[in-house]
Amino acid sequence: MINRDNIVIRTDQLTKSFGDFTAVDHISFSVEKGEIFGFLGANGAGKTTAMRMLCGLSKPTSGEGFVAGYNIRTQARQIRKNIGYMSQKFSLYEDLKVWENIRLFGGIYGLKEDAIREKTEVLLDKLGMTQQRERLVKTLPLGWKQKLAFSVAIFHEPKIVFLDEPTGGVDPTARREFWEMIYDTADKGITVFVTTHYMDEAEYCDRVSIMVDGRIDALDTPRRLKQTFKAESMDSVFTALAETSTRQSE
Amino acid sequence: MRQFASFVRKEFCHILRDKRTLLILLVMPVIQIILFGFAISTDIRNIKIAILDSSQDNVTSYLIRQFEANKYFSVEKLVTSQREIDELFRQNKIDMVVVFENNFSRNIVHDGKASVQLIADGSNPNTATMAVNYASSIFMDYQLKIAQNMNGAASVSQFAAESTTSDIGGTTSVAAVTSSGTVTIIPTVKMLYNPQMKAAYNFVPGVMGLILMLICTMMTSIAIVREKEHGTMEVLLVSPVKPLSIIISKTIPYLVISFINLITIILLAVFVLGVPVSGSMSWLLAISTLFIFVSLSMGMLISTLVKTQAAAMLTSGLVMMMPGMLLSGLMFPVENMPWILQFVSIFVPARWYISAVKTIMIEGSGIAFAAKEVYILLAMAAVFITASLKRFKNRLE
Chain A
1 MINRDNIVIR TDQLTKSFGD FTAVDHISFS VEKGEIFGFL GANGAGKTTA MRMLCGLSKP
61 TSGEGFVAGY NIRTQARQIR KNIGYMSQKF SLYEDLKVWE NIRLFGGIYG LKEDAIREKT
121 EVLLDKLGMT QQRERLVKTL PLGWKQKLAF SVAIFHEPKI VFLDEPTGGV DPTARREFWE
181 MIYDTADKGI TVFVTTHYMD EAEYCDRVSI MVDGRIDALD TPRRLKQTFK AESMDSVFTA
241 LAETSTRQSE
Chain B
1 MRQFASFVRK EFCHILRDKR TLLILLVMPV IQIILFGFAI STDIRNIKIA ILDSSQDNVT
61 SYLIRQFEAN KYFSVEKLVT SQREIDELFR QNKIDMVVVF ENNFSRNIVH DGKASVQLIA
121 DGSNPNTATM AVNYASSIFM DYQLKIAQNM NGAASVSQFA AESTTSDIGG TTSVAAVTSS
181 GTVTIIPTVK MLYNPQMKAA YNFVPGVMGL ILMLICTMMT SIAIVREKEH GTMEVLLVSP
241 VKPLSIIISK TIPYLVISFI NLITIILLAV FVLGVPVSGS MSWLLAISTL FIFVSLSMGM
301 LISTLVKTQA AAMLTSGLVM MMPGMLLSGL MFPVENMPWI LQFVSIFVPA RWYISAVKTI
361 MIEGSGIAFA AKEVYILLAM AAVFITASLK RFKNRLE
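So the protein lines, in turn, are chains A and B.
For the first sequence, position 68 matches number 68 in the numbering used here, and the numbering has no gaps at all.
For the second sequence, position 31 matches number 31 in the numbering used here, and the numbering has no gaps at all.
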């Protein structure tokens, strides 16, 4: 099923321990180019730690990992050039204007002023936010902030974008619109690595992995996971797996 | 480099957009200098006095004119009875009364001594002491003048004025003793304070230290922690920007503001308070820059230790501001502290900075006299920068 040449994330027995506590326990998986990969797990299951290792923010205790073809141990800087990141806080500067935020992140990724200006117009037009370019981000509604944060995360056209619970606190309409943006992004060949705790969103992913106690206990398409666990919905699949947890949730 | 430039630009945006904070940062030194320089001056002006002159002769009227001409006194009323004095004190209308005894002039001519009583309001001991001191100096001036005249012309009678304070004021001010032919003056109270507003001299270096610390340490630590709180730091760390340049770009706007403040303070000191820069201006700026680096690195260190802006503010407040004000010599001289506090003050960067500025700016001494301070500040900068970089890197692992 997986085309080996197209793999953008690959981990092999990736492990992270803090003293006696093994937060991430020998996980191995691969993600293909253009895939929407759902990374699920209860709080404390280790998904944030795993994601931090993939982003080069944290060094693995053992095991290997490759993101965009670079080793997460030794080539964190190259990885950072090739990924985008958006956290649940939407991570924009509230006291900067819409266009200033875009310019800043363009500048961080080394884009030239002219290119930034051009792309900003295209982006604002696509988001329908041309009127809002001079507004301070803190005055924007949550749904718009979220869309803007996502657009900023993929502004530099990364190979992979990591989304850490990107739809927290947003209403269902905005969430649906957001997932449309995710589909568009994946169609352009950008891999989307997304954590979420909304199980209906898990259904939208191409493939889903479910972490329990630092291990990946299930990894497949939502349809096949439901077949395997003989469940009606992803919610039931998740509940069935989460019950096997022996770790205290945070 | 382009990344760095967009960062610095962003930091300036943050500061310029927060107009209120910017205004506070730029106006604060002006207000502090003026407050410390004038309001919290240790000099007392306009001491309100009343005079009870039972003698009404040419010597007392001369002395009263001296009081009226003195800038520290304002003669509110000439009274005629003890009852009136009590009334004025009770109504809080005066700070001191000068009572000349009967036959003041005649006593001087005949006995060589006369007495004057200074009654001061002891409920404000500071003012009382000052008032008595200033008054004594007027009498002393008079005695000196007579003594000089006496040496030149024997026709002037020998005399002395003896003044005592009442039990309310509680201090004996001047005793003058005469022996035949000469006048000996023994002042029993020294002038504790400098009447020429020289107090401002000591406050200027202190305010410089305080402001630079406030901006560099407190504002920098808050600015860095704010990014952590808002989650934007994470996004920056995931970007290809080097962590070090994130931190450095955050400090640059505060560096600029610090220099603006430094210049403001020096200009105010020179042109408003009349405190000259006696020593080398370039060394003064060099030492200030060094202190700014110490404070900035301290702010960076604090930002790696705390998680919230409130904690950053409290920590820099407790770690820097309080000792900076109390133990740096700004308020109380370090030499007069108990040994344990003197020991603690060794670790207060502001103490060394203030001391160095006093040496260079006020005393006008060469840099050699501030070498110890410079070395200590250099060592502190090295320690803080190393520690904060180490902490910052560890946090990433």
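These aren't lab readings, by the way, just hints derived from the structure by calculation.
Predicted model only: the values in this text are computed from it and were never measured.
Any given hint might turn out to be false.
Listed next, with one range per pair, are the computed distances between beta-carbon atoms [to be verified]:
hint : chain 1 : residue 1 : chain 2 : residue 2 : range
1    : A       : 122       : B       : 18        : 44 to 54 Å
2    : B       : 21        : A       : 172       : 31 to 41 Å
3    : A       : 141       : B       : 19        : 19 to 29 Å
4    : B       : 243       : A       : 206       : 28 to 38 Å
5    : A       : 183       : B       : 19        : 56 to 66 Å
Backbone N, C-alpha and C define an ideal beta-carbon position, used for all residues, glycine too.
We went through each hint and held it up to the structure:
The given range of 44 to 54 Å is broken by residue 122 of chain A and residue 18 of chain B, whose C-beta atoms sit roughly 31 Å from each other. The hint said 31 to 41 Å for the Cβ distance between residue 21 of chain B and residue 172 of chain A, and at roughly 39 Å that hint holds. Checked against the hint of 19 to 29 Å, the pair residue 141 of chain A and residue 19 of chain B passes, with Cβ atoms roughly 25 Å apart. Residue 243 of chain B and residue 206 of chain A have their C-beta atoms about 34 Å apart, which keeps the hinted 28 to 38 Å range intact.
For residue 183 of chain A paired with residue 19 of chain B, a C-beta distance near 42 Å fails the hint of 56 to 66 Å.
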